[in-house]
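Residues per chain are reported as follows:
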Amino acid sequence: MSDRPAPWLAIARYDATGRARGSLVVTGLLSAFLLLFLAFFPSLSTAGIDLDAYVEAFPPAFREAFGIIAISSIEGFLAVEFYQFAWLLLVGLYLAYLAGGTIAGDVASGRMDLTLSAPVARRDVVIGRFLGLVPLVALLNVVLPVVAYVGVLAVGETIAVERLVAVHALAVPYHLTCVAVGIAVSTLVSRPGIAQRVALGALFALFMFESVVASTDYAEAGDLSPTAHYDPSAVLVLGEYDLTGAAVLLAATAVLVALAVVRFRRADLSG
Amino acid sequence: MPAIECRNLSKYYGDVRGIEDVSFAVEDGEVFGFLGPNGAGKTTAIRTLLGFLSPTSGGATLLGRDATDPVESRRARERIGYLPGDPGLDRDRTAAAFLDHQAALRGESSRDELVGRFGLDESRRIGDLSRGNRQKVALVAAFMHHPDLLLLDEPTSGLDPLLQEEFAALVRERVEDGASVLLSSHVLGEVAALCDRVGVLREGHLVAVESVSDLRSRGGKQIRVRVAEEVDRADFEVRGIMNLRVGETVSFTWTGEYDALIDLLSRYTVLDLDVVDAPLEEAFMTFYDGDVPGPTGSGSGGTSGPDAAGSGAVDSGGEGR
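One line per chain: the protein sequences are G and S, in this order. For the first sequence, this note's numbering gives the first residue as 6, with consecutive numbering after it. For the second sequence, this note's numbering gives the first residue as 645, with consecutive numbering after it.
For the record, the hints were derived by calculation from the structure and aren't laboratory data. By construction, the Cβ of each residue, glycine as well, lies at the ideal position given by its N, Cα and C atoms. Do not rely on the hints blindly, as some may be mistaken.
What the hints assert, rightly or not - FRET-style restraints, in silico, Cβ to Cβ:
#: 1; chain 1: S; residue 1: Tyr-656; chain 2: G; residue 2: Ala-143; range: 23 to 33 Å
#: 2; chain 1: S; residue 1: Ser-698; chain 2: G; residue 2: Ala-256; range: 28 to 38 Å
#: 3; chain 1: S; residue 1: Val-919; chain 2: G; residue 2: Arg-26; range: 53 to 63 Å
#: 4; chain 1: S; residue 1: Val-851; chain 2: G; residue 2: Arg-26; range: 50 to 60 Å
#: 5; chain 1: G; residue 1: Arg-202; chain 2: S; residue 2: Glu-817; range: 46 to 56 Å
#: 6; chain 1: S; residue 1: Ser-667; chain 2: G; residue 2: Ala-252; range: 49 to 59 Å
#: 7; chain 1: S; residue 1: Arg-877; chain 2: G; residue 2: Ser-275; range: 46 to 56 Å
#: 8; chain 1: S; residue 1: Ser-667; chain 2: G; residue 2: Ala-263; range: 33 to 43 Å
As the list claims (entries may be wrong) - Some chain G residues near chain S, calculated using beta-carbon distances under 8 Å:
#: 9; residue: Pro-10
#: 10; residue: Trp-13
#: 11; residue: Ala-15
#: 12; residue: Gly-115
#: 13; residue: Asp-118
#: 14; residue: Ser-122
#: 15; residue: Ala-123
#: 16; residue: Pro-124
#: 17; residue: Arg-270
So that you can see chain G by itself, here it is in the shape it has in the complex (with noise of 0.2 Å):
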């Protein structure tokens, strides 16, 4: 009895097994995509266009929903390309997504009462589940940042490392709010594949909430998004580095699996 480990362990260390695959897939996907961008990168700033000054013709609220400050830059040119929609919106949603099917997709599949006929509290399933993720997100801000330095000195630029590696330290808890996010949804919805679109649709729905506020009286509003707290332009155009932020995203995480806690323990397992 003394040599098993901790329930949540488990449940975290089984469910991070299950997704080794899928998550060595994802991570190759992406850095595939951030190297085909890179590609694009030489005969862009060679072309002679003003790129610079065909974002600025952009309408504000645009270029506050990507992040735009600058393009021509090879760290702009990342920043928009790759950092505001695949690392903010793309990667953020598909871990909101995935999340969102955890709880709900046991409970439903009656996975969950072979779980919780052992001795396990319902606090350890919902930590479990949640730190099940953990790797994933861990291992995508490992790997991205040396295959985006790789990729941009294959392209024959140079960028500062501590930028970069700044950009994915920052992202970290900003992906585990997302993960909280689905968490959350999955001990709210007991449908599998509602909790995983109502997870991608909140963090979409307040995605596009701060980025239309922002440019109006309202924009601390705003602060309600987790993508309000994460900004990858401001850390590698710039070099501004949002501690707040971060605290802040750690905190709402913290709370949203707490959340998720107190109401997976009154929940009927209605398999």
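Using the hints, position chain S against chain G.
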């Protein structure tokens, strides 16, 4: 201390009744069966006991611990094995990976023995296994930590007859070692072969708790007979026969003495004869609805039935004890 004590347990899903006012006890070392058709509330009762559903009212203890208190329930679950009716297994993981995980949660003192005994190939992906083999995976998970209390929901569904035998033997061994069992089924024969007592659930209510020998005798036998001669329906409308259907074959439920049945059939040239335990649905129709007229439905007619069929129960049910 009873292994399970259930006091006026009710569970409603909104307005829909799952179970209502269910009270019973499973004594230490006893095999108790829940018998009832699909939708009668067997699974709801078991899942409420395990804390998956919170009761609308009433309470229960498992191994002396309050089943409705999360901490107490978790302590009790240290020593409980559960086999769901439709086990949720990870189809894309191997049986070994799944059982490793289950072992990490509950222990695995007899895993290897069980895997060998049921001939389970652990290296296969669960999704590639047949229904019977998937059931084996769930079975190993339920038994491998040597639980003191087993909650088995439709345990033999999907197992072939040979494995059903092996499963029954395993349950008996564990009971001999001191385990208590709550088993649900809609098949009378399965319950009769394993259980000491049976609780009959119907529409969420526990309508009767009886010893198996009583229930078996009242359930009767399902007879299907094909004879060479032309059959006159009136010839079969005798005491002890219910649910009579006359066609190519004659089929009916027999609740009388075997000798009377043999006398009846001796008038014909019997080409084919099938005698099995009456399916539960028929037993219900006959004995629990009360609106089916039958010579042995109540009163004096019943006295001859139980004796005859009861003696049959000793033969086939004897190894159950």
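Hints and how they fare:
Separation of S/Tyr-656 from G/Ala-143 is about 45 Å and departs from the stated range, judged on CB atoms against 23 to 33 Å. As the Cβ distance of S/Ser-698 to G/Ala-256 is approximately 31 Å, the hint placing it in 28 to 38 Å holds. The supplied range of 53 to 63 Å is met by S/Val-919 and G/Arg-26, whose beta-carbon atoms lie about 54 Å from each other. In this structure, S/Val-851 and G/Arg-26 meet the distance hint of 50 to 60 Å, their C-beta atoms being roughly 51 Å apart.
For G/Arg-202 paired with S/Glu-817, a C-beta distance near 49 Å keeps the hint of 46 to 56 Å intact. Evaluation of the 49 to 59 Å hint for S/Ser-667 and G/Ala-252 yields a pass: the beta carbon distance comes to about 54 Å. The beta-carbon spacing between S/Arg-877 and G/Ser-275, approximately 49 Å, falls within the hinted interval of 46 to 56 Å. Judged by the Cβ atoms, the range 33 to 43 Å given for S/Ser-667 and G/Ala-263 holds: they are separated by roughly 38 Å.
Among the interface hints, the one on G/Pro-10 holds; its C-beta lies about 6 Å from the nearest C-beta in chain S, closer than the 8 Å criterion. At its closest, the beta carbon of G/Trp-13 sits 11 Å from a beta carbon of chain S; the interface hint therefore is violated under the 8 Å criterion. Interface hint at G/Ala-15: satisfied, since its Cβ lies 4 Å from the closest Cβ of chain S, which is below the 8 Å cut-off. For G/Gly-115, the suggested interface contact is upheld, since its CB lies about 3 Å from the closest CB of chain S, less than 8 Å.
Evaluation of the G/Asp-118 hint against chain S yields a held restraint, the C-beta minimum of about 5 Å falling below 8 Å. Because the closest C-beta pair between G/Ser-122 and chain S is about 4 Å apart, less than 8 Å, the hint holds. The beta carbon of G/Ala-123 comes within 4 Å of a beta carbon in chain S, closer than 8 Å, and the hint placing it at the interface holds. Taking 8 Å as the C-beta contact cut-off toward chain S, the hint placing G/Pro-124 at the interface holds, the least distance being around 4 Å.
Annotation: interface hint on G/Arg-270 holds; nearest CB of chain S at approximately 7 Å, less than 8 Å.
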